[in-house]
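Participant: If you read the sequences in order, they're chains Y and E.
Read in order, the letters of the first sequence correspond to residues 1 to 326 in my numbering.
Read in order, the letters of the second sequence correspond to residues 1 to 551 in my numbering.
Don't read these hints as lab results, they were simulated from the structure.
Keep in mind that the hints are not guaranteed to be accurate.
Okay, derived cross-link-like pairs now, DSS-like style, lysine-lysine, Cα gap no bigger than 27 angstroms in a straight line [to be verified]:
1) Lys130(E) / Lys175(E)
2) Lys318(E) / Lys369(E)
3) Lys336(E) / Lys391(E)
4) Lys51(Y) / Lys391(E)
5) Lys51(Y) / Lys143(E)
6) Lys466(E) / Lys221(E)
7) Lys51(Y) / Lys384(E)
8) Lys163(E) / Lys51(Y)
9) Lys76(Y) / Lys225(E)
10) Lys331(E) / Lys409(E)
11) Lys239(E) / Lys225(E)
12) Lys371(E) / Lys51(Y)
13) Lys125(E) / Lys239(E)
14) Lys125(E) / Lys175(E)
15) Lys369(E) / Lys359(E)
16) Lys359(E) / Lys318(E)
17) Lys528(E) / Lys240(E)
18) Lys409(E) / Lys371(E)
Below, a sample of chain E positions facing chain Y; criterion: calculated Cβ distance under 8 angstroms [stated by the list, open to error]:
19) Asn74
20) Tyr121
21) Gly428
Across the chosen pairs, the derived CB separations fall in these ranges [unchecked claim]:
22) Ala154(E) / His31(Y): 49 to 57 angstroms
23) Asp202(E) / Lys76(Y): 15 to 23 angstroms
24) Lys336(E) / Leu310(Y): 52 to 60 angstroms
25) Met284(E) / Val190(Y): 25 to 33 angstroms
26) Pro249(Y) / Met284(E): 32 to 40 angstroms
27) Trp151(Y) / Ala205(E): 39 to 47 angstroms
On a predicted model such as this, the values are computed, not experimentally measured, just so you know.
Ideal Cβ placement from N, Cα and C applies to all residues, glycine included.
In case you want the letters, here they are:
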Amino acid sequence: MLGFAQLFASRLVKAAAILIAIVVMNFFLVHAAPGDPAMVMAGEAGAADEKFVAQLREQFGLDRPLYEQLGTYVGKIVQGDLGFSYRQQRPVWDILAERLPATLVLTLTAFLLALAAGVALGTLAAVAVGTWADSAITVLALLAYATPIYWIGLMLSLLFSIQLGWLPAFGYETIGAGYTGLAHVADVAVHLILPVITLALFYMASYARLTRASMLEVRGLDFVKTAKAKGLTQSRIVTRHVLRNAILPVITVAGIQAGQLVGGSILIETVFAWPGIGRLAFEAVLQRDYQVLLGIFLVTSIMVILFNILTDILYGLVDPRIQVSQ
Amino acid sequence: MTRRLSGIPASLQRGFTRGFHRAAAAGLLAAALAIPGTAALVAAPAMAQETPVRGGVLNSIVQPEPPTLMLGLNQQGPTQTVAGKIYQGLLTYDRKLTPMPSLAESWTVSPDGLTYTFKLYQNVKWHDGKPFSAADVVFSTSKFLMEVHPRARAVFSRCESIKALDDHTVEFKLKEPFPAFIQAFEVSSAPIVPAHIYEGSDYRANPANTTPIGTGPFKLKEWVKGSHIQLVRNEDYYKKDLPYLDGITFRVIPDAASRSLALESGQVQQTQYSDLEPFEVPRMKTLPNVTLTTEGYEFVAPMAWLEINHRVKPLDDKRFRKAIAYAIDRKFIRDKIWFGLGRVPTGPVNSVVKFYDPKVTTYEPSPDKAKALLDEMGLKPDAKGVRATVKLMPMPYGETWTRLGEYLKQALGKVGVAVVLESTDAAGWAQRVANWDYEITTNFLYQYGDPALGVARTYISSNIRKGVLFTNTMGYSNPKVDELFDQASRENDPAKRQEQYSEVQRILSDDLPVVWLLEMEFPTFLDKRVKNANTTAIGVNDTYESVWLAK
Numbered sequence: 001m002l003g004f005a006q007l008f009a010s011r012l013v014k015a016a017a018i019l020i021a022i023v024v025m026n027f028f029l030v031h032a033a034p035g036d037p038a039m040v041m042a043g044e045a046g047a048a049d050e051k052f053v054a055q056l057r058e059q060f061g062l063d064r065p066l067y068e069q070l071g072t073y074v075g076k077i078v079q080g081d082l083g084f085s086y087r088q089q090r091p092v093w094d095i096l097a098e099r100l101p102a103t104l105v106l107t108l109t110a111f112l113l114a115l116a117a118g119v120a121l122g123t124l125a126a127v128a129v130g131t132w133a134d135s136a137i138t139v140l141a142l143l144a145y146a147t148p149i150y151w152i153g154l155m156l157s158l159l160f161s162i163q164l165g166w167l168p169a170f171g172y173e174t175i176g177a178g179y180t181g182l183a184h185v186a187d188v189a190v191h192l193i194l195p196v197i198t199l200a201l202f203y204m205a206s207y208a209r210l211t212r213a214s215m216l217e218v219r220g221l222d223f224v225k226t227a228k229a230k231g232l233t234q235s236r237i238v239t240r241h242v243l244r245n246a247i248l249p250v251i252t253v254a255g256i257q258a259g260q261l262v263g264g265s266i267l268i269e270t271v272f273a274w275p276g277i278g279r280l281a282f283e284a285v286l287q288r289d290y291q292v293l294l295g296i297f298l299v300t301s302i303m304v305i306l307f308n309i310l311t312d313i314l315y316g317l318v319d320p321r322i323q324v325s326q
Numbered sequence: 001m002t003r004r005l006s007g008i009p010a011s012l013q014r015g016f017t018r019g020f021h022r023a024a025a026a027g028l029l030a031a032a033l034a035i036p037g038t039a040a041l042v043a044a045p046a047m048a049q050e051t052p053v054r055g056g057v058l059n060s061i062v063q064p065e066p067p068t069l070m071l072g073l074n075q076q077g078p079t080q081t082v083a084g085k086i087y088q089g090l091l092t093y094d095r096k097l098t099p100m101p102s103l104a105e106s107w108t109v110s111p112d113g114l115t116y117t118f119k120l121y122q123n124v125k126w127h128d129g130k131p132f133s134a135a136d137v138v139f140s141t142s143k144f145l146m147e148v149h150p151r152a153r154a155v156f157s158r159c160e161s162i163k164a165l166d167d168h169t170v171e172f173k174l175k176e177p178f179p180a181f182i183q184a185f186e187v188s189s190a191p192i193v194p195a196h197i198y199e200g201s202d203y204r205a206n207p208a209n210t211t212p213i214g215t216g217p218f219k220l221k222e223w224v225k226g227s228h229i230q231l232v233r234n235e236d237y238y239k240k241d242l243p244y245l246d247g248i249t250f251r252v253i254p255d256a257a258s259r260s261l262a263l264e265s266g267q268v269q270q271t272q273y274s275d276l277e278p279f280e281v282p283r284m285k286t287l288p289n290v291t292l293t294t295e296g297y298e299f300v301a302p303m304a305w306l307e308i309n310h311r312v313k314p315l316d317d318k319r320f321r322k323a324i325a326y327a328i329d330r331k332f333i334r335d336k337i338w339f340g341l342g343r344v345p346t347g348p349v350n351s352v353v354k355f356y357d358p359k360v361t362t363y364e365p366s367p368d369k370a371k372a373l374l375d376e377m378g379l380k381p382d383a384k385g386v387r388a389t390v391k392l393m394p395m396p397y398g399e400t401w402t403r404l405g406e407y408l409k410q411a412l413g414k415v416g417v418a419v420v421l422e423s424t425d426a427a428g429w430a431q432r433v434a435n436w437d438y439e440i441t442t443n444f445l446y447q448y449g450d451p452a453l454g455v456a457r458t459y460i461s462s463n464i465r466k467g468v469l470f471t472n473t474m475g476y477s478n479p480k481v482d483e484l485f486d487q488a489s490r491e492n493d494p495a496k497r498q499e500q501y502s503e504v505q506r507i508l509s510d511d512l513p514v515v516w517l518l519e520m521e522f523p524t525f526l527d528k529r530v531k532n533a534n535t536t537a538i539g540v541n542d543t544y545e546s547v548w549l550a551k
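The shape of chain Y in the complex, shown without the other chains (with noise of 0.2 angstroms):
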């Protein structure tokens, strides 16, 4: 347990080292990209003299050279401040804090749910394999997969909104109402089936696939056929034996994938008009918000390498055979 503990700590001191890396990096990227956000507002402003911009630049501290930049930058990251977004005149953190849960609560429930619809639906393929349940599902997968993922937001949308009437077709909650506790939260599950659902339907099909192969794989090997001739049930054969082996790809594709939860999904974001930060990302971009973008840059990577530690343990906890290198 001593020797978790270390590594534990040894990876924290060199994911810090690796951030900072990041957010430099990430500093002289965004900063590489042609034009600069004062130019950017006085072109949707439909008018601009000298002094609007220079005022502009002067404001968000584009007038001082680039270095000087990132050392008041890094210097505040270290400090936890995210800086300050002149184009909201808000503090980075606070614009982060309002978009993020939005953004958590539809990742979260499509990721949970594609994981669990996933891997059943990538088990029972590989029971069935070679049925038409088998085939149903490989198709679905398939479908799921390649169609792009607005395009199915919007035929539900279509279907579902326009047609049939049943569910709000974007939002995040019917405004004006004024719903607070229960009602609150019922509002916020309708608005979130489509959104949902469309999101999990993407990863769903990769976790299925991913579980099919890998159990037709595994289902091959020596020890599944032990416990078939120990006469084992076919369920316990699968549960225990076969998908606890499978499973590990689909840890590993999940870690990947839950440290991008947080950076939400743009076009989904888009197509429901959801206030995630997919969709701040992407305008920071568009609008050079420089601190803003590169706020959410560092959120992310920091997800990115806590899920990476996280999925290293999960793997020690699935597979006690897989130890911790010291």
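Add chain E to chain Y, keeping to what the hints say.
Facilitator: Relative to the frame of chain Y, chain E by itself:
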């Protein structure tokens, strides 16, 4: 020139709505409408006969989401539509661009054109309860806007003095006559901001910017970033019984297809500017619950053109620019790319703007004339039929502009001008155009009702300013054009002004500094239950004080 991108002839109701506006302003509305004879006289059907009812919330779209609603600091299109309900200017304008009262009840212009005196409404209050007075107008126009608003700065720097004669009278004295002055008081051109909040502060960093305080009929209640902006009725509005609506909610819907669905499903009752892509318009027009109009954009009067960098050969030769003009079919552009929205332009001035003159050199599509001009320049086709290669960077403002770029490549290719398309995003585009780092791009500018406010800036050589957008980025220079624009801007006699502007339009249409492509029109879709919306030249950006929803 806010970058948003909209038509039903309201001519039937124009007479009625204008009369209506004045009646409303006088608080006589209910009385006027209650007279059965009034309704009988108006040819327009059902609508005119209905009595406004109080209540209801209008849902619309705000796209893209503005960075702030403080209109003095940000005049982006969506900011104007939302903040136009919160803030007010001294004036608004009817469809013919004639000034109408907003915060100013009446005004006079001295015969020498140097003194403008505005009488303000009494009993006007800011949303925080403080009284509004002439001091606010003086502060806004002489200090606040001079510091932060480029368009207002250009106008109010022409003032010798701006004074409050009493609490409800403001006098503007000009250094020299500038007849376009009266066109510069609409809410986005000169929003009046509260002196008691901004005086002596750092305007851009003022914490009150997040909670805009105006005088308008609606107040900001809630802004959930990324989701919606909710405005509610200003109960203390100075016009009795107005506004009719309980509130207006603007929803942020980033995806164009989802915006169409929102209108189709009735979740929003109004769309404006470029909320809907032009290719969606023919389909939306057939919906039973909405009407389409392209009116209400007379003040902005956008003109789209091919912006050509005269510093690059052979683009500096006007024969080459004329060849481009002959090579393209602008009717095709209007009908097939903008799906019938807009008018084919004749010259530099949009036909709804004052002093427009159609008697100019025009360019009917004629590939033969184009080739003849290129031959004359000595640009002969090579083995592949290419006479010259130019780079075209379409404006990154949506699908329609990309399609236009593709059409231009085809059309110019047919006369032997090979086009290399360059792609960029909004920030990159702004950076490159402002710094003259382009060959040809597409662009559109608002004309603000008067050539002195929105046309001259593109062509006068004193406005060749590197690093600044929406200036004479082509590098075009013609002393005669400079002189005419300068004279006309100072000329009090409308007839002489017309002569000067007519002459400059003739010169420009022959010099062809840019190739005008389209007098743009934006589609405004309104649910049939929405009454009295979009009645002025600033259309959806107006206060909406007398808009009401039929049950």
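Participant: Hints numbered earlier in the text: which of these fail when held up against the supplied structure?
Facilitator: Checked against the structure, the hints that fail are numbers 1, 4, 6, 7, 11, 12, 14, 20, 22 and 26, while the rest are satisfied.
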